[in-house]
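Asks: Chains as they are written, first to last, in my numbering: chain Z, 1 to 245; chain W, 1 to 431.
It is possible that part of the hints are untrue.
To be verified - Listed next, the in silico DMTMM-like pairs over lysine to aspartate or glutamate satisfying Cα-Cα at most 20 Å (straight line): (1) W:LYS156 <-> Z:ASP73; (2) Z:LYS59 <-> Z:ASP141; (3) Z:LYS47 <-> Z:GLU111; (4) W:LYS428 <-> W:ASP81; (5) W:LYS331 <-> W:ASP354; (6) W:LYS428 <-> Z:ASP50; (7) Z:LYS104 <-> Z:GLU32; (8) Z:LYS35 <-> W:GLU335; (9) W:LYS331 <-> Z:GLU32; (10) Z:LYS35 <-> Z:GLU95; (11) W:LYS331 <-> W:GLU399; (12) Z:LYS35 <-> W:ASP336; (13) Z:LYS35 <-> Z:ASP90; (14) Z:LYS192 <-> Z:GLU119; (15) W:LYS192 <-> W:GLU288.
Derived by calculation from the structure, the hints in this document are not laboratory data.
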Amino acid sequence: MKRLFLIFLLFSALAVGASEILAANAPDTMEERVKPCIVCHGPEDKKGRDAYYPRIAGKPQGYLFNQLRNFRDGRRLYRPMAVLLEGLPDQYLWEMAMYFASLKQAFPPPEPMKAPPAEIELARKLVTQGDPARNIPACVDCHGKALMGTTPFIPGLLGLPRIYIMAQFGNWQHGGLIRGQTPDCMSEIAKKLTANEANIIAAWLAAQPVSEALLKREGPAPKLSDELARRCASIVLHSGQPQSQ
Amino acid sequence: MKHIAIAAALAGLLGIGLFLASAETRPRIEESEKPPTATADDMAVRQTLQARGAYLSRIGNCMGCHTAQGGRPYAGGHRLDTSIGTFVTPNITPDSETGIGHWNEDDLWRALHEGKGRQGAPLYPAFPYTEYTKVTREDSDAIFAYLQSLPPVEQKNPPSEIRFPFNLRPLIYIWRALYFEPGVYRPDAGKKDPWNRGAYLVQGLGHCNACHTSRNPLGASQGGLLGGGQIMGSNWYAPSLTSLQEASTADWPLHDIIQLLKTGLSSRAATAGPMADVVSQSLQHLDEQDAHAMATYLKSLPQSDPRSRGVAPPLTEEVDKLLARGGDIYKTLCEDCHGNLGQGRPNAYPALADNRGVTLASPVNAIRSILYGGYAPVTINNPRPYGMPPFAQILRDEEIALVLSYIRNSWGNRGSLVTAIEVDRSRKGAQ
Numbered sequence: 001m002k003r004l005f006l007i008f009l010l011f012s013a014l015a016v017g018a019s020e021i022l023a024a025n026a027p028d029t030m031e032e033r034v035k036p037c038i039v040c041h042g043p044e045d046k047k048g049r050d051a052y053y054p055r056i057a058g059k060p061q062g063y064l065f066n067q068l069r070n071f072r073d074g075r076r077l078y079r080p081m082a083v084l085l086e087g088l089p090d091q092y093l094w095e096m097a098m099y100f101a102s103l104k105q106a107f108p109p110p111e112p113m114k115a116p117p118a119e120i121e122l123a124r125k126l127v128t129q130g131d132p133a134r135n136i137p138a139c140v141d142c143h144g145k146a147l148m149g150t151t152p153f154i155p156g157l158l159g160l161p162r163i164y165i166m167a168q169f170g171n172w173q174h175g176g177l178i179r180g181q182t183p184d185c186m187s188e189i190a191k192k193l194t195a196n197e198a199n200i201i202a203a204w205l206a207a208q209p210v211s212e213a214l215l216k217r218e219g220p221a222p223k224l225s226d227e228l229a230r231r232c233a234s235i236v237l238h239s240g241q242p243q244s245q
Numbered sequence: 001m002k003h004i005a006i007a008a009a010l011a012g013l014l015g016i017g018l019f020l021a022s023a024e025t026r027p028r029i030e031e032s033e034k035p036p037t038a039t040a041d042d043m044a045v046r047q048t049l050q051a052r053g054a055y056l057s058r059i060g061n062c063m064g065c066h067t068a069q070g071g072r073p074y075a076g077g078h079r080l081d082t083s084i085g086t087f088v089t090p091n092i093t094p095d096s097e098t099g100i101g102h103w104n105e106d107d108l109w110r111a112l113h114e115g116k117g118r119q120g121a122p123l124y125p126a127f128p129y130t131e132y133t134k135v136t137r138e139d140s141d142a143i144f145a146y147l148q149s150l151p152p153v154e155q156k157n158p159p160s161e162i163r164f165p166f167n168l169r170p171l172i173y174i175w176r177a178l179y180f181e182p183g184v185y186r187p188d189a190g191k192k193d194p195w196n197r198g199a200y201l202v203q204g205l206g207h208c209n210a211c212h213t214s215r216n217p218l219g220a221s222q223g224g225l226l227g228g229g230q231i232m233g234s235n236w237y238a239p240s241l242t243s244l245q246e247a248s249t250a251d252w253p254l255h256d257i258i259q260l261l262k263t264g265l266s267s268r269a270a271t272a273g274p275m276a277d278v279v280s281q282s283l284q285h286l287d288e289q290d291a292h293a294m295a296t297y298l299k300s301l302p303q304s305d306p307r308s309r310g311v312a313p314p315l316t317e318e319v320d321k322l323l324a325r326g327g328d329i330y331k332t333l334c335e336d337c338h339g340n341l342g343q344g345r346p347n348a349y350p351a352l353a354d355n356r357g358v359t360l361a362s363p364v365n366a367i368r369s370i371l372y373g374g375y376a377p378v379t380i381n382n383p384r385p386y387g388m389p390p391f392a393q394i395l396r397d398e399e400i401a402l403v404l405s406y407i408r409n410s411w412g413n414r415g416s417l418v419t420a421i422e423v424d425r426s427r428k429g430a431q
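With these hints in hand, go ahead and build the complete structure from the sequences.
Replies: Dropping the structure here:
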């Protein structure tokens with residue numbers, strides 16, 4: 001009996017020892033700290049049951065920072081994001097945005113555009129020249145000549161799946177992706193487009209290859225022009241600082 | 001029949017309420033004369049008072065309720081869902097139109113101590129004056145000096161939406177007659193200073209009671225003091241601070257209690273949800289003495305009968321199969337952080353083995369944590385906390401029930417099985 005008790009003691013001592021060895025500290029890195037994000041925002045775009053989770057790696061830091069704040073403060077509505085970010089200060093969100101912006105982005109292959117040549121040409125024209133008669137600016141005006149985004153806040157448009165871009169257009173046409181922001185540039189622009197125009201722009205953008213040269217580019221993307229930054233005050237303040245409420 | 005009885009009772013209560021309303025005298029406070037020009041000494045005294053008030057406001061966490069998410073500090077607009085309706089907190093910055101710029105020390109004292117507005121009207125106890133009444137006049141004046149030193153914010157908040165019949169003010173008089181007794185905290189002569197200071201902070205300014213004591217449908221505390229309760233209008237359960245099966249700290253060393261209060265994390269427990277907010281907004285700022293005092297008092301709280309943990313299932317073959325399915329989900333989604341033995345990671349991820357938080361009779365906190373995740377509180381000492389992902393968008397109700405049942409019955413844990421219906425309730429109900 002006594003021996004049995006001793007064996008039991010020994011066993012429990014071992015068990016305690018084992019769990020103490022295994023309970024090591026988590027690594028002191030940003031990668032470890034953003035683990036909650038990558039359940040959805042992995043290296044690839046993901047379709048979930050309730051929403052589409054885009055890749056966020058390589059997007060401009062200012063753009064990601066703004067979106068994090070919009071989710072946290074209820075201007076962009078998605079409950080899991082809002083609750084996850086509750087109580088996190090701007091400084092920490094800024095660092096998270098910096099981390100994701102610094103990751104090298106892997107792009108999906110282009111999706112060939114199946115459409116009559118006239119439509120392909122119309123899409124190309126809207127993207128590169130806009131439609132001045134209807135006061136629709138060209139995508140390249142803000143998103144950069146290469147359509148790969150401009151610093152500090154405008155995201156790139158290439159390497160995104162067609163359905164993701166279409167979903168964004170849908171959101172903008174129905175009341176805006178970001179609530180309570182005036183002016184909301186993309187909402188205004190999207191509302192001027194017909195449903196077909198929005199669709200073919202999405203298809204055209206998704207069909208463009210992301211040039212290897214751009215991926216290897218060192219240094220930041222080109223800067224958004226001051227004039228456009230002023231016009232689109234929902235994205236940047238006059239001071240060039242990120243938006244506040 | 002039942003309806004008639006209720007109606008009659010209500011009418012009766014209303015009558016009493018009206019009677020009490022007329023019986024309570026409206027306080028009149030003389031407008032004080034304009035103070036003479038301030039000297040340098042006065043300024044120094046004023047600044048010391050404001051600094052003291054800033055500290056006390058943090059410990060009372062005025063900001064927690066009086067600031068909307070992403071809003072200007074102390075400008076109100078925060079929505080509080082309760083069983084009787086939604087309260088919208090008022091602006092307490094010194095703006096003269098939309099805030100409390102025209103208040104004086106007596107007005108704040110009347111609110112904290114007597115639970116009455118500037119005109120003498122009784123306040124709803126959503127403002128925790130049942131606890132704040134214990135605050136001393138000296139502390140109230142310091143808080144007032146601080147609030148008046150804030151930049152005024154012009155922000156008119158929408159009115160509260162209180163449901164009938166609770167929107168009838170006379171009812172508050174009845175409520176007060178039943179449940180409210182004004183009185184500053186009286187030190188227990190038989191106890192030492194730290195204990196008394198801790199009791200003052202826990203029972204008064206810190207208003208721990210507001211969440212950690214269960215409430216009856218009228219919003220009044222019931223049951224044992226700090227004995228735990230569902231937080232009104234939320235899917236969180238504030239665990240009992242007097243039960244060793246819940247969040248009693250009677251068997252903890254003081255420094256662990258202090259660490260939990262100030263950082264929200266300790267080797268023995270981690271805070272989540274509303275308590276994580278309280279840590280980052282309020283408790284992390286406790287000075288050394290007050291943290292020690294609070295811990296001393298909390299540790300000394302009398303032990304209540306342990307609550308039932310709910311009936312753990314007998315481990316039949318069927319239950320084993322169910323738990324094994326939960327175990328598969330655990331391996332895929334949880335093990336990476338919480339470990340194959342539920343051991344967690346001390347600086348980041350709470351251990352789940354032998355964690356009283358996951359075996360609580362009411363599984364709502366654990367359900368909520370799995371549904372929406374969240375980061376540990378941001379504090380001066382932990383500016384970049386680690387976090388837990390939300391799984392609401394990834395796992396179905398049944399899957400969450402399975403994995404939580406597994407966690408509640410692994411590595412020595414024993415707890416009742418969780419059902420998909422319970423998960424669904426947390427998903428749909430009040431947040």
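Asks: For which of the previously enumerated hints does the structure constitute a violation, in increasing order of number?
Replies: Of the numbered hints given earlier, the structure breaks none, since each of them holds.
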